[in-house]
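Please take these sequences and the hints and turn them into a complete structure.
2 protein chains.
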Amino acid sequence: MLATIITIGDEILIGQIVDTNSAWMAQELNKIGISIYEILSVSDQREHILSAFAKAKQQSQVVLITGGLGPTKDDITKKTMCAFFNDTLVLNEEVLAHVTDLFATYIKVPMAPMNREQALVPSRAQVLKNTYGTAPATWIEDDGVIFISMPGVPFEMKEIMRGDVFPRLKQLGNLPFIHHRTILTAGQGESTIATRIEQWENDLPEDIKLAYLPSFGTVRLRLSCTGHDKKSILARVDAQIKELYLLMPDIIVGESETDSIVQTVCKMLQDHGLTVATAESCTGGRIANAVTEIPGASKIFKGSTITYATASKVAVLGIDASFIEKHSVVSAQVAQAMAAQVRIKFDADIAISTTGNAGPEKGDSDAAVGTVFIGVATKNGEFAHEFMMGSHRERVIEKTVNKAFELIQQEILKKASK
Amino acid sequence: MLATIITIGDEILIGQIVDTNSAWMAQELNKIGISIYEILSVSDQREHILSAFAKAKQQSQVVLITGGLGPTKDDITKKTMCAFFNDTLVLNEEVLAHVTDLFATYIKVPMAPMNREQALVPSRAQVLKNTYGTAPATWIEDDGVIFISMPGVPFEMKEIMRGDVFPRLKQLGNLPFIHHRTILTAGQGESTIATRIEQWENDLPEDIKLAYLPSFGTVRLRLSCTGHDKKSILARVDAQIKELYLLMPDIIVGESETDSIVQTVCKMLQDHGLTVATAESCTGGRIANAVTEIPGASKIFKGSTITYATASKVAVLGIDASFIEKHSVVSAQVAQAMAAQVRIKFDADIAISTTGNAGPEKGDSDAAVGTVFIGVATKNGEFAHEFMMGSHRERVIEKTVNKAFELIQQEILKKASK
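Chains A and B, in that order, give the protein sequences. Plus 774 on top of the position in the first sequence (first one is 1) and you've got our numbering. Plus 774 on top of the position in the second sequence (first one is 1) and you've got our numbering.
Where hints are given, some of them may not hold.
Straight-line alpha carbon distances no greater than 30 Å define the calculated DSBU-like cross-link-like pairs of lysine-lysine that follow [stated by the list, open to error]: (1) B:Lys1189 <-> A:Lys847; (2) A:Lys1188 <-> A:Lys1016; (3) B:Lys847 <-> A:Lys983; (4) A:Lys829 <-> B:Lys829; (5) A:Lys805 <-> A:Lys831; (6) A:Lys1100 <-> A:Lys1016; (7) A:Lys829 <-> A:Lys882; (8) B:Lys831 <-> A:Lys829; (9) B:Lys847 <-> A:Lys805; (10) A:Lys831 <-> B:Lys1041; (11) B:Lys1004 <-> A:Lys847; (12) B:Lys1041 <-> B:Lys1188; (13) B:Lys1188 <-> A:Lys1100; (14) A:Lys847 <-> B:Lys983; (15) B:Lys1016 <-> A:Lys847; (16) A:Lys1004 <-> B:Lys983; (17) B:Lys1073 <-> A:Lys829; (18) A:Lys882 <-> B:Lys1188; (19) B:Lys1189 <-> B:Lys1016; (20) B:Lys944 <-> B:Lys1005; (21) A:Lys853 <-> B:Lys829; (22) A:Lys829 <-> B:Lys853; (23) B:Lys983 <-> A:Lys853; (24) A:Lys847 <-> B:Lys805; (25) A:Lys831 <-> A:Lys882; (26) B:Lys882 <-> A:Lys1188; (27) B:Lys853 <-> A:Lys983; (28) B:Lys829 <-> A:Lys1073; (29) B:Lys847 <-> A:Lys1016; (30) B:Lys829 <-> A:Lys831; (31) A:Lys1005 <-> B:Lys847.
Just so you know, these hints were derived from the structure itself, not from any lab.
Right, here's the structure in full:
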């Protein structure tokens, strides 16, 4: 079963917002056996929306539409759906009661006529409840194709999908099993890896697809397979993954159904009951932020200090000004001291620090752009490594974050092996 | 002049990555007078890519393609372009020299045959230099339509756009002026605003488009106008904006060509030469992270402590355990103390603190989910406000971040008025 995602709104086409909805929808739909054929972002113009609906109807069995459901005049999705389905808008009493209730409880201003119009839906639509917002989501079946229209606000859309859309789609039955499994490697480039596993790749069965996803010092290898025999798919992909482990034991750092070394390492921290703290300079809180985005972060994350200026390293972390002066703020000694201090302050098992020059201009030190020291502290002592992360600010920071998690992982493995 | 953006890669359609490239490209293309007609994300399948090329050629004069240019077998963009343009791949010596150089300087492993193949380009393509990567970007004109193919790695793509694509597109001449201007409001919902400015909206000239963009306690109003008489467009939009200021002086908090209250407030901090520090609990570093993403952040951002656990508030911020015990960790008193302490530690002009319960579960206090205290400290003293941010974790955090910036803004205005 194929789906098309249509996002409606000029704000996407002028780059005012980034479409994060589609990736989430795609991930979740894959889990229940629905593949995304295409993602289409179109403007708030009637003719353009109509042509997108027509294209989606031709190429897929499910059409997921987000956006254009607000109460103001620039939002025209409902009217355009009526034009497409030759339908009219009717007032839905249940939606009206919900909107009235939201206004009374949270918004606490009188409802305007346009808020009342939020309760209008196409007459042939089934209404899906939007717990957190006033715009109703709808489900319309047309010539065997399901059109689902939802608001573009991410947490409203997600709740509607979880509450109504996934359960209903699952009931359609006969959905295949879509399996993705992703191996995470660190330390070698995609072409080096491809050369190492060339023979294995050539021998891969036709229906198991391999993709390479390089990103700042890590490469993910994804195997995908779709079919109706779940048990056989799991076993066959599993066998291929085992071969990969044998071929590249030195560079596989983990497995991740989702995306990143961050998830992998945070899960390891949880499994081992370990906590982490960070003292960040050039990464500006990116390591802490990456950890706190993981559900359950409070179990593994003790906290962080973000000290941009040299003076803050003195005042907040308690490192001697003369010590910094002597070694330079971008140095192994200062990185070590930062990690050691923050570990004690936050009472964490593992502390990570960063100090470096991400560019584009030099900061409080003479270190070349791209120079980064990462410090690691545990109860057994502290150390720091120097890295040359390249010449582009974004790359320097991303690579440093990834490398920091690699170092945390190594500490976890050391502890685990004891 | 209309453009279509095509992103190629299964990783987008299975939700493994979020497409951030398209928003950036759209924003930058708007600045030089090119409108995005549509964004299309397609799979790594030849037939699907070919049909996307054909659709884009029909509906636009510029086609921007990203992705599918890696050295491994899953990347087929170059071959598919050859099929579409009835062309063949030829070795480009200049690209080969560049790839060889990158391997010698940064990658420091021997080149594999597939790295050499990175230097193959369609024979009729003009090559655009990819400073930071091995995959060459190309420019092909076909029946008056320009096809530009670039790697999907964001910072490589951006550098190619800046270095080659924008200058070349500008030379096409006769591009219109696309003008967006966005007013940022805080404190009222979109329907309340729409009711207040109804008459003004009805009287808007046909060619000036209005859009409402609500987001967590803020609503942006965007006016857009496109044409060839730049001076007249600027003046006419300006006149409309002035009317908006007269109609809603109480809720307009700033103007932002881009997105958010964060940019607005950071710019104000820079303009006034003020610095900020944060002590974050329930926001987990999100406020600090938002600031550090702004270019030039080091001038206004002193640093941050992220203290999740109550014990960290004691150890890191130096707040008495008995004081926290007495008032509860989620309280105005603790918020005030956090702000005051972090301001002194980091020697900042304005400090912001957050302590609250974002849910879904209760933390170290009995406060209801959604309860947040935001503390503010300046040289003149400190205070804290209590907020009820609703019932959804993501919303609670986002609203708290936005509210924090609103409070920083109010402090800047107080200082400015002195």
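Each hint, compared with the structure:
For the given pair, Lys1189 (chain B) sits about 39 Å from Lys847 (chain A) by alpha-carbon distance, which is inconsistent with the 30 Å threshold. The suggested pairing of Lys1188 (chain A) with Lys1016 (chain A) holds, with an alpha-carbon distance near 23 Å, which does not exceed 30 Å. Note on Lys847 (chain B) and Lys983 (chain A): the hinted pairing holds, with a Cα-Cα distance of about 10 Å set against a maximum of 30 Å. For the given pair, Lys829 (chain A) sits about 11 Å from Lys829 (chain B) by alpha-carbon distance, which is consistent with the 30 Å threshold.
Straight-line distance between C-alpha atoms of Lys805 (chain A) and Lys831 (chain A) comes to about 22 Å, which keeps the hinted pair within the 30 Å bound. At roughly 51 Å between alpha-carbon atoms, Lys1100 (chain A) and Lys1016 (chain A) are farther apart than 30 Å, so this suggested pair is violated. A distance of roughly 42 Å separates the Cα atoms of Lys829 (chain A) and Lys882 (chain A); the hinted pair therefore is violated under the 30 Å criterion. With a C-alpha separation of about 16 Å, the suggested pairing of Lys831 (chain B) with Lys829 (chain A) holds against the 30 Å cut-off.
A C-alpha spacing of about 26 Å is found between Lys847 (chain B) and Lys805 (chain A), which places the hinted pair at or below 30 Å, so the restraint holds. For a cut-off of 30 Å, the pair hint linking Lys831 (chain A) to Lys1041 (chain B) is broken: about 46 Å separates their Cα positions. Note on Lys1004 (chain B) and Lys847 (chain A): the hinted pairing holds, with a Cα-Cα distance of about 27 Å set against a maximum of 30 Å. Restraint check for Lys1041 (chain B) and Lys1188 (chain B): the C-alpha separation of about 16 Å stays at or below 30 Å, so the hint holds.
A threshold of 30 Å between alpha carbons decides the hint, and for Lys1188 (chain B) with Lys1100 (chain A) the separation of about 42 Å lies outside it, so the pair is violated. Distance restraint check for Lys847 (chain A) and Lys983 (chain B): the Cα-Cα separation of roughly 10 Å lies within the 30 Å cut-off, and the hinted pair is therefore satisfied. A hinted pair counts as satisfied when its Cα atoms are at most 30 Å apart, and Lys1016 (chain B) with Lys847 (chain A) qualifies at roughly 21 Å. A C-alpha spacing of about 51 Å is found between Lys1004 (chain A) and Lys983 (chain B), which places the hinted pair above 30 Å, so the restraint is violated.
At most 30 Å may separate the alpha-carbon atoms for a hinted pair to count; Lys1073 (chain B) and Lys829 (chain A) exceed this at roughly 50 Å. Pair hint Lys882 (chain A) plus Lys1188 (chain B) holds up; C-alpha atoms about 29 Å apart against a cutoff of 30 Å. Only pairs whose Cα atoms come within 30 Å are accepted, and Lys1189 (chain B) paired with Lys1016 (chain B) is accepted, the gap being roughly 25 Å. As the CA atoms of Lys944 (chain B) and Lys1005 (chain B) are separated by approximately 19 Å, the hinted pair is consistent with the 30 Å bound.
Between Lys853 (chain A) and Lys829 (chain B) the CA atoms are separated by roughly 26 Å; this keeps the pair inside 30 Å, and the hint holds. Our distance criterion of 30 Å between C-alpha atoms is met by Lys829 (chain A) and Lys853 (chain B), whose separation comes to about 26 Å. Distance check on the hinted pair: Lys983 (chain B) and Lys853 (chain A) sit about 19 Å apart at the alpha-carbon level, within 30 Å; holds. For the hint linking Lys847 (chain A) to Lys805 (chain B), the alpha-carbon distance of about 26 Å falls within 30 Å, and the restraint holds.
Note on Lys831 (chain A) and Lys882 (chain A): the hinted pairing is violated, with a Cα-Cα distance of about 41 Å set against a maximum of 30 Å. This hinted pair checks out: Lys882 (chain B) and Lys1188 (chain A) have alpha carbons roughly 29 Å apart, not beyond 30 Å. Among the hinted pairs, Lys853 (chain B) with Lys983 (chain A) is consistent with the structure: their alpha-carbon atoms are about 19 Å apart, no more than 30 Å. A distance of roughly 50 Å separates the Cα atoms of Lys829 (chain B) and Lys1073 (chain A); the hinted pair therefore is violated under the 30 Å criterion.
At roughly 21 Å between alpha-carbon atoms, Lys847 (chain B) and Lys1016 (chain A) fall within 30 Å of each other, so this suggested pair holds. Restraint check for Lys829 (chain B) and Lys831 (chain A): satisfied, since their Cα atoms lie roughly 16 Å apart, inside the 30 Å limit. Our distance criterion of 30 Å between C-alpha atoms is met by Lys1005 (chain A) and Lys847 (chain B), whose separation comes to about 28 Å.
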